[in-house]
Amino acid sequence: MRGVPKSQGSVLIFALMLTVLTTLIGLSLIGMKKGHYSASQLTIRAEQARLLAHAGVHDAIAKLQKDPFFPSGMGDNQTYFSYKESMTAGDSGRALGYYQVTVDQLLRDKEGLVVIKSVGQTAFSGETSARHATYVELNIKAGSFGVVAWKEGRPPGN
Amino acid sequence: MKGRSAFSLLEAILTVFIFSLVLSALAYSLGQLSRVSLARQDFGLELEAVQVTQLVRDDARNATQAELGAGWIQFTGQDLEQPLATRIEQGMTATPSLATVRYEFTEGWLYRTRTDGNGQSQTAPMAELAAFEIEPSGRLATVRFAFSKLNKVEHFEARLKLP
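Those sequence lines, one after another, are chains V and X.
Residue 119 in the working numbering sits at position 119 of the first sequence, and the numbers go up by one each step.
Residue 147 in the working numbering sits at position 147 of the second sequence, and the numbers go up by one each step.
Keep in mind that the hints are not guaranteed to be accurate.
To be verified - Straight line, CA to CA, 30 Å or less: simulated DSS-like cross-link-like pairs of lysine-lysine:
hint, chain 1, residue 1, chain 2, residue 2
1, V, K141, V, K66
2, V, K84, V, K33
3, X, K149, V, K34
4, X, K152, V, K84
5, X, K161, V, K63
6, X, K152, V, K34
7, V, K110, V, K141
8, X, K161, X, K149
9, X, K149, V, K33
10, V, K33, X, K161
11, V, K66, X, K161
12, V, K66, V, K33
13, V, K84, V, K34
14, V, K34, V, K63
15, V, K63, V, K33
16, V, K84, V, K110
17, X, K161, V, K141
18, V, K110, V, K63
Source of the hints: derived by calculation from the structure; they are not laboratory data.
The following block holds chain V by itself, in its conformation from the complex (with noise of 0.2 Å):
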């Protein structure tokens, strides 16, 4: 063409460049923000769970101090056993998870110790569910009643 110099579009050129370099940026700061929101979201979520999987510990050592033999009963051979209970929010009906307790009372004659495992569940939600077990050795002997250990996550020495 005529009179139009060679370097006519190359503004044009350049200008979409930065604007596919800054939309690339832009969208990986979005991608940032998004995951800094799931993980505040998992955070919650796991607090959560942890506080389900002490409410099953809790609520397994207060069945046990009313009887040493729950749920079973004196003269059982069973030792190993175990339940599941969900909770909901207050009035709400909201339902807020569940936890699974394993009660083992395989050491309970020998040395008068249960170990107690409780695994606290969040009411599944999609990704932002989580788990949490809590590890707790009760000795249940008379007058010495109480918490021998507690450990979060894994049974100790695993």
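Using the hints, position chain X against chain V.
Frame of chain V, contents of chain X only:
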């Protein structure tokens, strides 16, 4: 007639600038959304405070003995790095079965030092704090600490049940 080019350099830069502003505003809004979401559920800095108190409480729960002073607290309890069978074999109250955990506030950091029955110690920083105090009161202890973040200081208090 002289034709005008599609965009001038100034127009192109202006367009890119406006576009960047819109994207930045969107990213900022998402950032604020995550913060608001935390605040709405009574978490925020509180969440970090909960994590610090939970750590101390976990060690307090596992302890059979506690000692404390200004800016430090030490718990002695079962060494949970060892399985129950090993501890029973060694004797549950014998030194090899026990471990001590000491929390100490030094130069703005809360450190946790764990020492096992063989005397081997491991120290790790737990949190950067503005203040940390422990006040005993019978079988309870009040732990007061402060976080300094985003140009503000927030104070927290937690009660521990001592063994």
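Going down the list of hints, with the structure as the test:
| no. | hint | result |
| --- | --- | --- |
| 1 | K141(V) to K66(V) | holds, 13 Å |
| 2 | K84(V) to K33(V) | violated, 37 Å |
| 3 | K149(X) to K34(V) | holds, 22 Å |
| 4 | K152(X) to K84(V) | violated, 43 Å |
| 5 | K161(X) to K63(V) | holds, 21 Å |
| 6 | K152(X) to K34(V) | holds, 25 Å |
| 7 | K110(V) to K141(V) | holds, 11 Å |
| 8 | K161(X) to K149(X) | holds, 29 Å |
| 9 | K149(X) to K33(V) | holds, 19 Å |
| 10 | K33(V) to K161(X) | violated, 39 Å |
| 11 | K66(V) to K161(X) | holds, 22 Å |
| 12 | K66(V) to K33(V) | violated, 50 Å |
| 13 | K84(V) to K34(V) | violated, 35 Å |
| 14 | K34(V) to K63(V) | violated, 44 Å |
| 15 | K63(V) to K33(V) | violated, 45 Å |
| 16 | K84(V) to K110(V) | holds, 27 Å |
| 17 | K161(X) to K141(V) | holds, 21 Å |
| 18 | K110(V) to K63(V) | holds, 21 Å |
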